[in-house]
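Chain V is already provided as a structure; the job is to place chain C on it using the hints.
Residue numbers (the working numbering), protein chains in the order written: chain V, 26 to 321; chain C, 15 to 454.
Keep in mind the hints are simulated off the structure, nothing from the lab.
One should not assume that every hint holds.
Only some residues are given here: those of chain C computed to face chain V with a beta carbon under 8 Å [unchecked claim]:
no. : residue
1   : Gly136
2   : Thr404
3   : Lys421
Reference listing, derived: stretches of chain C covered by chain V, where coverage requires no fewer than 3 residues with Cβ under 8 Å from a Cβ of chain V [unchecked claim]:
no. : stretch
4   : 272-286
5   : 429-440
All C-beta atoms in this analysis are idealised placements derived from N, C-alpha and C, irrespective of residue type, glycine included.
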Amino acid sequence: MKAINNKSIKKFLTVCAFILPNFIGLFIFTLLPILFAFVLSVMEWDSANPMTFVGIDNFLRLFKDKTFQIAFMNTIYYVIGTVPITLMASLGLAMVLNSKIKGRNIFRTVFFFPYVASLIAVVVVWNMLFHPDMGPINSMLSFLGVKNLPKWAASVKWAMPTVILFSVWKYMGYYMVMYLAALQGVPKELYEAGDIDGTTKWQRFRYITLPTLTPTTFFVVIMLTIQAFKVFDIIYAMTDGGPGRSTTVLVSYIYAKAFTEFEFGYASAMSIILFAIVLVITIIQFRTEKKWVSYM
Amino acid sequence: MKKFKKFASFLVCMTMLTGCGASSSEPIKETGAPEKQAQTESSNKGEVTTLNVALWDYTSLEYHKKLVAAYEKRNPTVKINVIEAPANDYSDKVAVMLAGNSDIDVVFIRDTASYTGYISKGQLEPLDSYITADTVDLSAYGGMCEQYGVDNQIYGLPYRKDIWMLFYNKDLFDQAGIAYPTDNMTLEQYRETAKKLTSGEGSDKIYGALNNKWTQSVSNLAMFEGTHSLLDGDYTFLKPYYDTVLAMQNEDQSTLEYSTIIASNIHYSGPFYNGQVAMMPMGSWFINNMLENTANGTTAVNWDVAALPSLNGDIGNKGVGAITPVSISSKSKNKDLAWDFVKFVTTEEGAQILAECGIMPAYSSESVLNTLTSIKGFPVHGKDLLLNTTDITIEFPVDEKWTSINKIIGEEHELMMINEVGVDEELATLSQRVKDEVLN
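Bound conformation, chain V alone (with noise of 0.2 Å):
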């Protein structure tokens, strides 16, 4: 018996050394700071001077704070936005590159390159091919006779469009990759039988596509949420927030807080609200799973 669990305890303790290494790395740099924003979301610290404890004050701030209901409300719009669309164009396009058409393989290169490219370049080529005065769309629009032109970025009114079509034109072909592969596993048969009889296309979409892709839309639309809720990068790049407020989302103003105005204290309990919302918005979209998610 005492042989035994010897045995058993120094194969656990092989296992942990091997675990050991990455744990540590996600120990320090992941779980700890996740911990010590949670702390400091009861705290102000300008990360210099001593934290003093503020209990709940933060959070009632966050009530008060016009900025941050601004803020929230665009992230909100950045959400509703991004993640049909972005949704609807990936499996469109999987769809269509998943056909016998001719240089599908040269499209479906094309269409996976702006999630490679390196972000900065191509909001720079964006924000030229938008430029509200020179830019070629401003022109192609123009010469349709669209009057009143846009000035996409440069307005409050249309920076969040841009941005949203920037993000849906940059992440589509990731998503595009994902439905491709699982275009491929829908089993043949399913087809024949719905030939056999006697099916339109719609209906075979309707009733055999859609519903053996609901797995991969599924894990798309958790992927897509938490990506669209967490966004900071293609805004950052792109308007840095402006004009005014207008694109300012959650992540950019606790960034500004925490690491301009270094207000640590709010900043972490900001970003807490953040992570409350997603949570929830995650377990819901698990709860409802069943109802529409079929494993076959």
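Coordinates of chain C only, in the frame set by chain V:
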């Protein structure tokens, strides 16, 4: 076998750990100063003391190199270890290093926001006792040193100074047959002159003026008068300045549009170098840029400077600008030596070196001014203007609240400049926001 397993797991651990260690610490690039001379001289005299100096763009800015080299030449027993970072990342990196108790001795201050930040965190040494002990004459800094004080204490002596002035392209004035701007130009005259100088269309258009995208392109026209404050939450005094600048942009179309500057990411210097802009309010650092770029052939513009336009045209000896202080870290182990370096950089000797490079030193004396203005190509009217400008207001207040206020001003400035909101309404919003979000 078991032993081998143990050994293998241990090995894996160690290699991964050391791997982590190597990649996780990314030190700021440290550049050894040109030290050959100092070292050879000092090697036979004995011990060398190292002074850690945080400085941006050391490798690319000639005058930073010369300052350090001159000090080392004068003090062979001192080795300056320059801790360098690119200008844009500099303040953040220094903030992190100071917070991490690094052994920085001397800190060159890049912006007032980080300056007040360091002071509120107790990271800078008050210099008053050193100044009194060595009887440094603060009047040589044109009253700006005191304006950079916090709670009546001085935390840094300035080595550079920049005064805002109006740069103008003489050729464009000659072509249009218009008299050059004087030091008593009013805002109204500025607008009228710009309108007359504007001609052409599209990419060949000549703009009468360029008001750069910064908030201070407008606010400095007001701060110039020395009676306004950007801290008290009432910004209605900016109205005539915004009205003029916006009228130039929208009605006269005599300035490069704000949204174009932003969308095309235009640096203000380009259009001026190309001779597309007749007048441009800008800081005196641009003198140095013009000298360099004339020398290397980038620009052939025939230019001069005048005082900024003002509301009433009667500005006397007033000016607006900023200084760049040099401070000592409160954690420095070599404070006396650090002070010696700071004093060298910020008084006559350092000032002469800067002046020779065409940089305006904060320290002002007749001989320094002579050195500066006798540089080949220095603007004709520059010397008079500099001699005459003795009462200088700082462009941004030195206050802890400024970072937050500045952010709000920046956001609302943007909305005004892209014509989203009217000036009156916008300045009211700005005042309200500053009161609600910062001053409450």
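Cross-check of the supplied hints:
{"no.": "1", "hint": "Gly136", "in the structure": "holds (7 Å)"}
{"no.": "2", "hint": "Thr404", "in the structure": "violated (34 Å)"}
{"no.": "3", "hint": "Lys421", "in the structure": "holds (7 Å)"}
{"no.": "4", "hint": "272-286", "in the structure": "holds (count 6)"}
{"no.": "5", "hint": "429-440", "in the structure": "holds (count 3)"}
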